[in-house]
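S.K.: Next come the chains, spelled out residue by residue.
There are 2 protein chains.
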Amino acid sequence: MSKAGGDEGGGGSSETAQQTEEKTPGGKLLSKLSATTIGPGWTKVSCPCCDSQRVEPLVLVKLGEKVRPETKRWLIRVIGAPQKDGGAALLAHPGEDATGDIIMLSAPRCTLLRAAEELGLCKMYCSGDMEAFSYNDRDNFKDADNMEVFLTLAERQYIVKYELDGLRAQRDLRIPGLPDSCTLQHRDNIWQKLGSAGVIVDTFPLHNPPQLKELSEAWYSGNQLAQPLDSVNSYFGSPVAFYFSFLDFYTWSLLPPAILGLSITYFSGEAQKEMDQSVSGSPVQDVEADSGPVVGGHMIQAVFSMIWSTVVMELWKRRSSSLSYRWGTLHLAGRFAEPRPGFHGDIGINPVTGRMELLFPEWQRDLRMALVSVPVVGLFLGMVIVGMLCFYWGEAQVKQLHTDWDSLLSQTLLYMPSVLHIVYTNVLATVYRKVAKSLTEYENHREESSYEHHLTAKVLVFTFFNCFAVLFHIAFFKQDVPLLRKRLASLLIITQLVNQVTEVVIPFLVDRFISAPHRTESEDDPPEDKFRNQSTLPDFPGLFAEYIELLVQFGYLSLFSCVYPLTAVLLLINNLTEIRSDAYKICKLFRKPFTPPVANMGVWRIAFEVLSFASVVTNCWLLMLSPWLQELGQEGGLTTTNILMLAVLVEHLLILVKVVLAVLIPDEPDWIRKKIEHIEFTSMQALREQVNPPP
Amino acid sequence: MSKAGGDEGGGGSSETAQQTEEKTPGGKLLSKLSATTIGPGWTKVSCPCCDSQRVEPLVLVKLGEKVRPETKRWLIRVIGAPQKDGGAALLAHPGEDATGDIIMLSAPRCTLLRAAEELGLCKMYCSGDMEAFSYNDRDNFKDADNMEVFLTLAERQYIVKYELDGLRAQRDLRIPGLPDSCTLQHRDNIWQKLGSAGVIVDTFPLHNPPQLKELSEAWYSGNQLAQPLDSVNSYFGSPVAFYFSFLDFYTWSLLPPAILGLSITYFSGEAQKEMDQSVSGSPVQDVEADSGPVVGGHMIQAVFSMIWSTVVMELWKRRSSSLSYRWGTLHLAGRFAEPRPGFHGDIGINPVTGRMELLFPEWQRDLRMALVSVPVVGLFLGMVIVGMLCFYWGEAQVKQLHTDWDSLLSQTLLYMPSVLHIVYTNVLATVYRKVAKSLTEYENHREESSYEHHLTAKVLVFTFFNCFAVLFHIAFFKQDVPLLRKRLASLLIITQLVNQVTEVVIPFLVDRFISAPHRTESEDDPPEDKFRNQSTLPDFPGLFAEYIELLVQFGYLSLFSCVYPLTAVLLLINNLTEIRSDAYKICKLFRKPFTPPVANMGVWRIAFEVLSFASVVTNCWLLMLSPWLQELGQEGGLTTTNILMLAVLVEHLLILVKVVLAVLIPDEPDWIRKKIEHIEFTSMQALREQVNPPP
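Chains as they are written, first to last, in UniProt numbering: chain A, 1 to 695; chain B, 1 to 695.
Simulated from the structure, these hints should not be mistaken for lab results.
Since the structure is predicted, the reported quantities are computational estimates derived from the model, not experimental observations.
No copy is singled out in the list; a pair is fine if it fits within one copy or between any two copies.
Derived lysine-lysine pairs resembling DSBU-like cross-links, with alpha carbons at most 35 Å apart: (1) K193 to K674; (2) K437 to K674; (3) K674 to K434; (4) K674 to K84; (5) K213 to K44; (6) K142 to K84; (7) K161 to K585; (8) K434 to K161; (9) K142 to K674; (10) K193 to K588.
The task is simple: from the sequences and hints, build the whole structure.
M.R.: Rendered as structure tokens:
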């Protein structure tokens, strides 16, 4: 215990501060990795074990233009001070010019290791198992002396942000070089305060060009089938790695339904006809009448896909937990998050932590949600429906007009309702996204995670409604299976074309003709400037759009699979290119994001599971509508009521089967369960020994 | 740290052992509570802070008849030795006669407090909040110096058992007075080994007569409406207290449906007719024809009860979590349970703990479940159905016979099928319970909890099937609503009568005429003999039968509520007596059970929730069958298909409403959520301070 405490050494914050602009003893510096190792100028650490000769810049802080040098010096002092003096115990570098507007940050070994324990990361123990990392037991973990191997780049960078976010003023103090209005009160969050005072404009992690190059070669440059998921995790962090793992897993799991769909289409000899119809848009009814066995095939496809969706999600849970074991995020510690920057309220004592903080009563938030958010979201959903009804009305009008007049003008007018509807839908979606943001802002959530969660839920519901309203309307109100098939096929093809263009072609063009010249020009710059250039890249927009794209795909496949068996084939082709284009995007077109370690893909798994259950209802309904079943029923002497009852019975049975399957397939493979229990056991044992030290 | 370690003092096990039969320094003993304080003879504790002058006997150990005095002396020595020497650090008393066959046990303060921390009990902090108890911080907890106030009787007794179960041999050793075949190997579980060697026959907690008297007066002797739940918790422990709390909560929540049912029955003027029909068993069809509004009332009743069941279960979860906060079981530590006594397997290294233990491969257990348990359970379920079909066939035969012959003999024969069916059902249930036990034994579960879980699941499925098969058959195959109503009414009335007799009358008679004389005779005995008498009481059979009775009740109410509105009224009356009879039973007729602290009622909550969702399906179906709706539909020009579709739509909507309600109503009240977060925060802070001690 006392040994651990002593590691931080005795150096006070004032001493460290005076050393900021001094050079570290020069000649010893070894520049093995030219890109990651930069010259002297780093603050010194007081802890002897962390006194490394090579410092890797991890995070860049961009200061406001008008920030005075004394403010920058004060900031560097705070960042470098030990934690017991209220500092972040990080390493700082003032950039090429000591008065310039950037600060580069890195973290010494002790800070990284302590944070790794606090976050609850698991690392490889000397026994070869993963164990929850313990600072006191650090010598028994593999590679615990080499931080660049022990912690991934994403983890090291996240830890820097974690320490910065945790900076709190230890007493009331004035920040040098700032007006008196910007004084820090006791326990104020320093980083947030500096952000709102305009001192800090941006904090972002730095790309590591050699690693990035290596990663991109293994990821999307060649013709590899497998993604380098471990490298993705270590470079971009677990949330990104989980997205790509899921994309990978989901794409391969499309193989069985794709093969089934292809063979059904082939064996019924309909392959050619299907393609013709979906392209030319000619009516299908006449073909339908004599295609009995096809619909029988569709029935197999539907039942298969209903069971398939549950099995896939259960298997993904197992895969996800073994990935999470592999990446050491199985045992993450729950944390008490800081309030998000936009949070406001009255000063009071937080009942959880007992600290003076801004508080906002829960009931008031609930009231705002119930009285403002829910009605507004409802209004927008209503507008989707109104738009759809207008579209149908307009289409009918235009058709009428066309039959009445039959001119070139009326022929052109035929496309008007569709075009108007698409424009309307897109405008509505854009407006809604803004409204959803301000609604969630207004709900005044305390934690960033809660804010994200509510925003995601709002956008999810709307996007879903927007994408599927027309299809549901055709399926349940018009009850027109051929129209549904036509619509679904064109949606799938159009969506894919649009995706390919926006996600592959445009990024490629941007990279070739806009970014590339810019990039070559910076080759000979000093290293600090190269880092600074990264701030010109746009922020990474998060994985929301990517996940929702997958979810909508999954919806097309599972909800309406029985009407168009080629869905899985089209999606499979789409996803194989999607993997590469997404990888290209995240590597080249954006700043590197901060990614907290996570144990799974969170709320999205639930969304996929809900969809998988909803699919039973739609598929049973669509099967019941199919003319083949109606015909078969009439031949067998079944009334419509009997068929309906049969459909309801089958629906209930399938839901039961899915629930039983979901319960029976364990969410973790057996060996992972044992590993988790082992990790829990050893960390409990360690705790117990701290309480009752052995004699 | 070192302070905590020092409290255990330096006394070795051998010294303690030699003091066993010596008297403790006599004159100091104060006998304040005559029943709980007994004379000298207790082993001494080496720890000075635990050297109390008053020892309360908590647990009685009954030894085998042939146990030699040296074995008993050795056992007392092991029980009294400090934990670091492989003992249980408990207090032992050899009973009146040092060579007799009982040992009484108690626990010193330090052992109790350390175990309270290990178990993760929450106790009242000096601030007035509940906090996870920490041994090092014990002085800041209220009443931490008076064990009889700080820990409940149930907790103290459970801790004694917990310490005994944790006894392990520290090296290979021979037990004195036993044949050489009974040697202990290193890390053998001593208590299990002694149990299988016949040294220990029984270990059970002792009743505390004054507390029991007080409790029973407050509980069932008077005319109180409210149960003394806190006293029940402190005397019998949280599992029992949770059962009675749920019974209480559920009974009061029957009030709304009971009032609704009564008013529906009253306003439709059917109250009298209903009673007549259900008693005389006359056919209902003729009444049904002109009772349109009644069935409308039934519809209100059905929709109400479907929503009601979800709301009740959600509110119970909230109540349950506040009870769990009140009783300090919110933050229980996960424990690695010892293998259960019957567990067998091959010696190997447990991957979780890294210890040498018996191991049994998971896949083999799964195989046994899939190939043996599932088919056998299925066979029994099939036998229920076969029995039911035979009953219907027999009834038809007998009726035919009666119409053909019409004699007194044939009249008597009319009752035969029912009687035979009841006998068959009961025999089957008894046989099944035994089969289920040996099946679960054969599955060879490692932990007691897993064994219990699988046994419960097996019995639950069968009981459910057995109770509801006939009702489901009538509802779904015969589609005969009046018959269902008749059957349900008679089931409710008969079940209640049987319950009253078996649970109130018989226990009362037993107590008056068999137990009471026995009890008075022991009034003047020495205290040791009074304790010994408790071993003549039967073991407490657990709460399984009680919970399943409630579950079946809940099933009658929620699954078929729309056919018989008086169900809730009958159940309410039944439960009001049930509370008292159950309380009487557990206080008077059984030994006191060991009860581990638990945070909720476990698997039973899930069973109630599953039932609540199944009720939507049955109720919608029954409503659709009701002649009133059929008539209404025909008047409104709706076909059967339309009515069916409407019913399916309503069913899906109601399920959606229930899911949304279950998600929207938080499982914990807001203040409890904050308290839980506070407890987690403070215990994380404490852990963090142990890792990074403040300067």
